[in-house]
Structures are given as structure tokens and as C-alpha cells.
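S.K.: Letter by letter, the chains look like this.
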Amino acid sequence: MGTFLLKRFGVMLLTALCLTLIVFYLTNLDPNLEKLVKSQLDMRTSDAQVEAFLERNGYRQNIFKRYGEWLGVAPGWTHTTETGEITGRCIPAGSDPADAPTFCGILQGDWGFSTVFKESIGGLILDKLSLTGVLMFWVMITMVPAALIIGVLAGMREGSKTDRTLSTFSIITTSTPEYVSGVVFIVVFASSVTGLRWFKGTAASAMDGANWENFTLPVLALALYGVGYIARMTRASMAEVMTEQYIRTARLKGVSFWGVVLKHALRNALIAPFTVIMLQIPWLLTGVVIIETLFNYKGFGWTLVQAVGNNDIELMMAVSVVAVFVVLFTQLISDIGYAFLNPRIRVS
Amino acid sequence: MDRLTAFEIASRMFVQFTPVWIGLVIILVLSWMLRGRLGLYGKLFDSPIGLIGLVLVLFWVLTAIFADQIATFDALNQVSGMRNKKPGWPVSGLEGQHYLLGGDHLARDVFSRWVQGSRIVIIIAPVATLFAFMVGITLGLPAGYYMGRTDTILSFLANLVLAFPVILLFFLLVTPEIRAEGTVFNLPGGKTWIASIPNIIAMIMFAFPLIFFAALWTSRYRPRPQLLAIQLAITFAIGLWLYLGLVFRVDPFGLIDDVLSPNILNIFVSVVFVNSPTVFRIVRGLAIDIKTRDYVAAAQTRGETAWYIMLWELLPNARGPLIVDFCLRIGYTTILLGTLGFFGLGFSPESPDWGTTINDGRKLLAIYPHLVLPPALGLMSLVLGLNLLADGLREESLKD
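Heads up: the protein sequence lines correspond to chains A and B, in order. Its first residue numbered 24, the first sequence is counted upward by one per residue in the numbering used here. Its first residue numbered 392, the second sequence is counted upward by one per residue in the numbering used here.
With the rest of the complex left out, here is chain A (with noise of 0.2 Å):
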């Protein structure tokens, strides 16, 4: 157990360096910087002036060195003015460069400063983390319940009619992208077309204070997507330990059906729907993007997306790291989890 999770946590941190280069690479393509730049002076801003602010503010250096920067493994850049002011990437305006540190990257906790939020990125990502966290609460809350019951109920008795028509259910679940079922849900509960106002088309309130009318519409949206995956995959599941031997010699001893569904088989049939559950919760960054955006909610998803639109480079590369993290570390746990809830599986 030792020996894998130390092998999975080196292939975890080179695949998180390599992917982090990645979009350093990416966001740091000329045209890329020159989007920057623009955004940060003025879009007439002349090509000298443009290649001047570049240089000044060392974006013209070598581009592992840059990385090695932000990491925290280089040391910081300095540039010496005419007039003999010191600048450099880990002297904040306004103080004195003898007293500033040599390096400032991530692994100092230093995680820069966001060019369109004029902020400092730890504690931005850490309050919009918190506002997707409490979507996300909400969305497990329903979703994963929602789908382990109607997996359940339609895998007891392969076949029958409930079956059919859950599954069909599912069915239709998957193919309801979030920008679907969100459109859909504003128009029909939250517009004059129905007439039915029971829940408000927007999420923008509900980042002082979620309440039934102002989150229900996105959590659902975003739920859906995902019930009808999780609720396949339990029922595949149930429907196998529903042929077991020991199902029938429970059965044959005279256990109820529900008895026999509650007490043998739930407990075996949840061990795979857990992984899926797991890896369902990168897949649902996408939807956390496309929701938060569809409901004005402003979370980590609103977030990427502002970063992105005015390549916020410092706040591209924090958001990737959370990110790139997330997927890897809901990978890991479902690894463990499975081996943990599963005897037959033996990790490393």
C-alpha cells in the first residue's frame, strides 16, 4: 500500500507539472501577451510600447525560467529603471526592494496577483472555491442520492416495467447537456412564458444567501446531467448481484424481497457506483462552468472564464493547479476507495 500510493503521488505531481507548463505555455503565447498587455494599458497602445511593457515587466525571459518563477524554484526577476527605481516580481509597489524575498512562486504560497480582479489570487480562489462548494454541496445532495435510488429500483428486477421506465429516464438525462436542461428550466419555471414564476432565472443572490428560489434551478440543471450516468452504472451493478447464488439461497430461506434487496445486496452493489461517483466530480466542471456562467453565479467556474477571456495569467495557472488537481486527487481516492470497499482487489 506503502510503495502505491508513493508511486501514484510521483506520477501525480509530473503530471500536474507537465500540465501546468502546459497552460503556461499556452497563456504565454505572444498574441496571448499582447491581449495582456492591451488590456492592462490601452488597446491604441503602439507595438514599441507594447514590447517595452513586456520586457519591463519580465515576460521577455526565457520561458522555463518564467515557469521556475511561478513555481517558486527561480528566482524572481528585478529591472532597474533609468532612474534607478527597482522593480522586480516579488517587490510589491510601494516598498523597499532590499527587503524583498528572492523567490515568490507557489511553492512560497505566493500565488501572484490577478491582473482583472486587481486582487491577490490565494484569497480570491479561496472564496469562489467556497461559493462552488456550496453548488456543489447542493448538487451531490440531490444527485447522488437521487441516482443510487433509481439504479436500485430499476436493477432489482431487471426488466420489469419500473426498470424500463427508469432507465429510460436515465437515458434522457444523459443526453440533457447542462445549457439544455438550464435554458429549459429558466423558460418554463422562472419565466412569464408558463407563467409559473416559482424560482428566479438567476443565481446572482444566492452568493450572499442560497435559498430555495434563487439556487434550485442551477443545482437541478447541474444535478440532472449527471443522475442518469451514475444511475446506470448502480443498476448494471445491482442487476449483477441480483443473480448471485447467495441472493437466491436468501431468497430460498424464506427472506423478503426487500429484506434480501436491503440487507444482501445494496451493500455489494454500491461498491461500483462509488468510483463513478468519484469521477463524476471533474466531469462536472464543465457543468459547474457552463451553470455558473448561464446563472451569473460567480464561482470558480464564472472565474475561469473571466481569467481565460483577459488571459489573467497568474489566475489561469491557479485555477488549472485547483483544477488539475481535483481530477487527479478524485482519481486517487477512487483507486483506494474501490481496493478499500472491494477485498477481492489488492492495490499495488
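Possibly wrong hints are sitting among the right ones.
Unchecked claim - Derived CB-CB ranges, DEER-like:
| # | chain 1 | residue 1 | chain 2 | residue 2 | range |
| --- | --- | --- | --- | --- | --- |
| 1 | A | E105 | B | F547 | 17 to 23 Å |
| 2 | A | G282 | B | L789 | 51 to 57 Å |
| 3 | B | W632 | A | D70 | 47 to 53 Å |
| 4 | B | I585 | A | K61 | 17 to 23 Å |
| 5 | A | N85 | B | G676 | 37 to 43 Å |
| 6 | B | L789 | A | D358 | 26 to 32 Å |
| 7 | B | K477 | A | I164 | 35 to 41 Å |
| 8 | A | V216 | B | L485 | 38 to 44 Å |
| 9 | A | D70 | B | R540 | 45 to 51 Å |
In short, the hints are calculated from the structure, not lab data. Even for Gly, the Cβ is constructed at its ideal location relative to N, Cα and C.
Guided by the hints, dock chain B onto chain A, whose structure is given.
M.R.: Okay, now just chain B, sitting in the frame of chain A:
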């Protein structure tokens, strides 16, 4: 002139779709008559779910084919005074003509845009999925068959792409900036080619179908050099024409240039790039499973080459799960294309594709839902059709 009633709108739309209904009836009747000889496809007629899926998919395929006949107006045509008009509104100045599903925020016909939009999805999604399968199969078979170092490296690369959040990749990879960045090469015919990242990925990815078919013919027909030479000549003639046309845009016949603009190529490349690692993993898993079978051992003792075993023993026996996944993956690609449109990535702003239309209409959603509902429901019904079709195929293939 008066607005059309809901019944009139429905009946006029039904009439507009006439070519689709005729096509559907012909295809279904013919397939039903020949169902005994059509293998897995013929068995679909035993499964109601699969049949519903087939009808939905055929509906959209036929709509895409006959889009020009079905649409009542040009998808980009603006008629003054028709801005955000409700469904069934009479067109000013044109006697007896109506915007069947209303006008959008630029006074274009929603119905015609909806119909024309299907064409983009129906062309890109299956072709992109096919390319992803070519890449996934060509790399996945050796990874699963040989294992060892080949597998370690390829799997690491696949996992690398899979760990990349799809949405982030799209935002970084589908931009006008990235298309313009790179060394410029002069090509014969006065054309230029930019070594941008999407173009380089296209150069690598689009070579895989060529490699695949060349390996396919070579491994099987090596004992018959004459036949092999003919097959390779045809493969390379068609393949190189498509390859040069798609990647370098030097097409002597000028056929490809019209279909594939640089931004569509960008979208195409990204979608193939996102899908191929998953296909790779599926093919690799199937290869690991199937290579332990007796007929593979028999082929090995016969002294067949590794590529023969992979392409002519492993692949045909993995076709069931692959066909099912192919259907599901077209649906997923359709959703991805919609996502790209929704974020305004890649597609031109006036493109009638469904994602872009949803994005255009969502700002006025609460007041003018008729702009958004047709593309939203269109996308959903197509994906639903593909998923049901995949389900039907899976059920029928398991019965064997």
C-alpha cells in the same frame, strides 16, 4: 396579414419536412425488408428503444442532407421589422411568407437557422469521432498487445490529456490568437501554412487514418504483392489528397477549402484531441482482454505478424463494444460542440450551429424563449437518439 396559429405553424413545418418523411419511410421500409441480411443493424428492429433512437438519428441526418430544401429562408438573411418576432409572424413585404418559429435578435428566421444548424453538427460530430477512433485504435492496439514500455509511455500521455479539464483545454486551444501564432511556411501555389499548435496537432492526428489503413492492407495482403500495391495506391491517393487538403489546405480540386474554414478545423482538431485518449483506453482494455483468447494463440503459432493479429484478430472481435461506444461518443461530441458554441469559441458569431444560437438567445431568455428552445430541443433529441441507438445496439449484441 395575421399571425399563424399554433396548428398552422405545426402543419406548415410538417410540410416543410416532407423530404425527411419520405426519406425516413424509404429507409425504414427497405431496412425492415432486408433486416435478416443486415446483421447487427437489422436486429435493431427487434428492440423498440433502438428503433426510436434510429428514427431520431435518421431524422436529423436527413434534415441535414435536405437542409436547403427544408429551410424557408437563408440562415443569414435579415428582414427588417422581424426582430424578435413571435413564431408564425408574417414577413413584411412578402405575401404569404412567415417566420415559422419567429425571428431572432438580428431579424433572421429561427426555423431556417435551426434546420441549417443541424448540418454543422451532423457533419463534424461523426467525422471527428471517426478520426478519434482511428487515433485511439492505432495507438491502443499496440499498447494493449505489447504492454511494456510502449504502453507505459502511451498511457501516461493519454492520462495527461484526460487529467486536463475539457473546458480549460477548449478555452486555451480554440482561440483566434492560437491559430495565428507560429512560424509561417510558404507552400506551392502561393499559399501559406502557419505552424500553429492546432495545425501541428492536425498534422499529427490526421496522419493516423493513413497509417491505420496502410497497416491494415499491408498486414493482410503481404503474400499478394500485386493486390497490395493497388490497395496501397488507392489508399494513398485518396488519403494524401484529404491529408494535404485538410492539414495544409493545398487541394488541387478546391473541394475541401469550402467545407473547412480555419476556425472549423480548429474546433475539429480540439474535439478529436479530447476524444482520442478515451478511445485509446477502451481499445487498450479490450486488447488486453482479447489477446488471451485461443484464436490469438493460434494465430501466433501460425506465425502471423503482430500487426496482423492486432488488426485482423483483435479488432474484429472488439467491434461490439466499439460500435456501441462510437454511437455514444458521437452524442458526447455533439454536446462538446454545443459547449464550444455556448461559450462562443471557434464558431463564427453568425454561425447557425445550435450552441451559438443558444448562446445568442440566452440573454433574452425570459422574454423571447422561441430563440433558444428549437436548438436546445434539437440538440437534446439528436443526443437522445444516439444514446438510445447505442443502448439498442448493446442489448442486441449481448443477445448473441
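S.K.: Evaluate each hint against the coordinates.
M.R.: Taking the hints in turn, this is what the structure says about them:
Separation of E105/A from F547/B is about 49 Å and departs from the stated range, judged on CB atoms against 17 to 23 Å. The beta-carbon spacing between G282/A and L789/B, approximately 30 Å, falls outside the hinted interval of 51 to 57 Å. Roughly 40 Å separates the CB atoms of W632/B and D70/A, a value that falls outside the hinted 47 to 53 Å. Judged by the Cβ atoms, the range 17 to 23 Å given for I585/B and K61/A holds: they are separated by roughly 22 Å.
N85/A and G676/B have their C-beta atoms about 41 Å apart, which keeps the hinted 37 to 43 Å range intact. Here the CB-CB span from L789/B to D358/A is close to 28 Å, well matched to the stated 26 to 32 Å. As the Cβ distance of K477/B to I164/A is approximately 40 Å, the hint placing it in 35 to 41 Å holds. At roughly 28 Å, the beta carbons of V216/A and L485/B sit outside the given window of 38 to 44 Å.
For D70/A paired with R540/B, a C-beta distance near 48 Å keeps the hint of 45 to 51 Å intact.
Violated hints for the displayed structure, listed by number in ascending order: 1, 2, 3, 8.
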